[in-house]
Every structure is written in C-alpha cells, then in structure tokens.
Amino acid sequence: MKLAAWNVNSLKVRLDQVLEWLAQQRPDALCLQETKLEDANFPVEAFREAGWQVAYTGQKTYNGVAIVSPHAIDDVQMGIPGFADEQKRLIAGTVKGVRVVCAYTPNGQAVGSDKYAYKLAWLQALHDWLKGEVGAHAQLALLGDYNIAPDDRDVHDPALWAGQVLCSEPERTAFRRFLDLGLVDSYRLFEQPPATFSWWDYRQGGFRRNLGLRIDHVLLSPPLASRCTAAGIDTGPRKHERPSDHAPVWADVSA
DNA sequence: ATGGCCTCGGTTCGAGGA
1 MKLAAWNVNS
11 LKVRLDQVLE
21 WLAQQRPDAL
31 CLQETKLEDA
41 NFPVEAFREA
51 GWQVAYTGQK
61 TYNGVAIVSP
71 HAIDDVQMGI
81 PGFADEQKRL
91 IAGTVKGVRV
101 VCAYTPNGQA
111 VGSDKYAYKL
121 AWLQALHDWL
131 KGEVGAHAQL
141 ALLGDYNIAP
151 DDRDVHDPAL
161 WAGQVLCSEP
171 ERTAFRRFLD
181 LGLVDSYRLF
191 EQPPATFSWW
201 DYRQGGFRRN
211 LGLRIDHVLL
221 SPPLASRCTA
231 AGIDTGPRKH
241 ERPSDHAPVW
251 ADVSA
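At position 234 of the first sequence (counting the first as 1) the number is 234 in this note's numbering, and the numbers step up by one without a gap.
FYI, nobody ran anything at the bench for these hints, they're computed from the structure. Hints are supplied without guarantee of correctness; some may be wrong.
[Claimed, not checked] Using C-beta positions, here's what the derived DEER-type ranges look like: (1) Lys131 / Gly205: 41 to 47 Å; (2) Ser254 / Ala162: 36 to 42 Å; (3) Gly182 / Asp75: 35 to 41 Å; (4) Arg176 / Asn41: 33 to 39 Å; (5) Gly182 / Glu86: 26 to 32 Å; (6) Glu191 / Glu38: 41 to 47 Å.
Note that the Cβ used here is the ideal one computed from N, Cα and C, for glycine as well.
Sequences and hints are given; from them, build the entire structure.
Encoded structure:
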C-alpha cells in the first residue's frame, strides 16, 4: 500500500500534474493540500474518468484538502471535531482499513504573530483529537503539509532558520508530541540522502540550489510503521514547468 | 537588499504563502 501527500498550491493549476503523478505512482491514497477550490468547483469528473475516487473540503483562494484513492473512501470526516475553524484544513477517511488523516497545518507567518498563535492552537487541537483516534484506529496515517521542519537535518541552512517560523522550538515540540502518541516519521525509518527536502521557495532559484526544508510528512501508527518497507520524497514534479513549490512525500506499507 | 516568486481575486496591486 502506497500512501502519499502533496501540497499542490492550486489544484486548478496543477490538475494535469496530479493526474500524471497518480497514473505513474498508483498510490492507494494521495492526500492533497492547498487545493484552493470551493467544493462546487472540485474536478470530480476528471478524477473519476481516470479511475479515482475523491473526498474533499475546500474554499476559495486559500487552504482546501482532499483524499484521492482508487478504492472506496469511507467514513469521511471534515475538520477537527470540537475546534471551530472556518479554514478548510483537515479531512479524514478510511481506505482499505487504514484511517487516512490529511492535514494542512497553518503556515504561522512569523513567530509571535496572530497566525503563529493560530498555528499552535490548531496543532494542539489536532493532537488532542488524534489521541483518541490513534486508540480507535490501530492502522492510522497522518499525512500532509505540517509546515514544520522537525530538526536541523530537515533545513538547508539551520543557522539561517534558527528560531524562525517552521523551525521554532514550540513548533518542533508540537511535532514531537505527535510522535509521543506513538506515530512514527516514516521518512526516518530508512537511511536517506542528506539535504533532501519537500519544499523549496520559488524565489532565488531555491530548487536549483536545493535551498529547501522538509515540512511535509507521512506519520504512521505502530502497526503501519512496522510494515513500512520504504519512504521518500519525489522531487520529479518540482522539476516541471509551473511546479508546485512542494514535492510529493510517500511511504509504502506491506499488506 | 526593506527583495527576489507564485496564486488568487479581480484589476494592473495587495494578501498570503513558507
């Protein structure tokens, strides 16, 4: 089973790239972030014609998340229960017995800002809700754009980013609290090449110079982690014309 | 370098992203 996540930075712009990637990689679940589409405009038919089921919740201009699968997506849930939020940042569904949680964590803008406080509150709410979900679903995966680089290996220039948003200690602590629930960072189960990232700024030739961060993650519950056979980041789509600034991240789990 | 780029809404610029 292949589980993947990709912040596409507008599904309208990236639809053909997503369909191409799906056809090449054949994931069992792909979690999309930043679809930036109202539900009425979601390209359900384009996915269906290519053989994919979709579950989605979105809004105009900002945010928006979706799950794409060749299998049925059951028991779909949108938003974090008990956390009132106008922003469409979370969708969950069950695919082949795996509870797939697709999350788009707020960016946070700058340490100390209102948006940063919202980010930490959102992460706290996600954690508190997940605590119960991990107990209820032995097979659970939390995938998406966390907007957190967990440690300095995940940062092209740790000194430059020290204490900045995406790298600050409260954010890293929030990430570790997901690990404390028993979730495992699938990427770090395996030896990985140094300086591999999932996001590169559009400016400054960020991708060409590999000035990136690893902020997109696939976290697995213990039963899934024990069956994880490979994990990685596919930089191929970042090389396309008109790319998303994020690359797909993925993990394979044996049956 | 107080920036650089991309998307969106909707107009020719500002907000937001990371």
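Does the hinted range 35 to 41 Å hold for Gly182 and Asp75 at CB? 21 Å Cβ-Cβ, so the 35 to 41 Å window is violated.
For the pair Glu191 and Glu38, does the Cβ-Cβ distance stay inside 41 to 47 Å? holds, 43 Å
Confirm or reject the claim that Ser254 and Ala162 have a C-beta distance inside 36 to 42 Å. holds, 39 Å
The hint says 33 to 39 Å between Arg176 and Asn41; measuring C-beta to C-beta, is that right? holds, 38 Å
Determine whether the Cβ-Cβ distance between Lys131 and Gly205 falls within the hinted range of 41 to 47 Å. Taking Cβ atoms as reference, Lys131 and Gly205 lie about 42 Å apart, which means the hint holds.
Do the Cβ positions of Gly182 and Glu86 conform to the proposed distance bound of 26 to 32 Å? holds, 31 Å
Violated hints amount to a single one, hint 3; each of the other numbered hints is respected by the structure.
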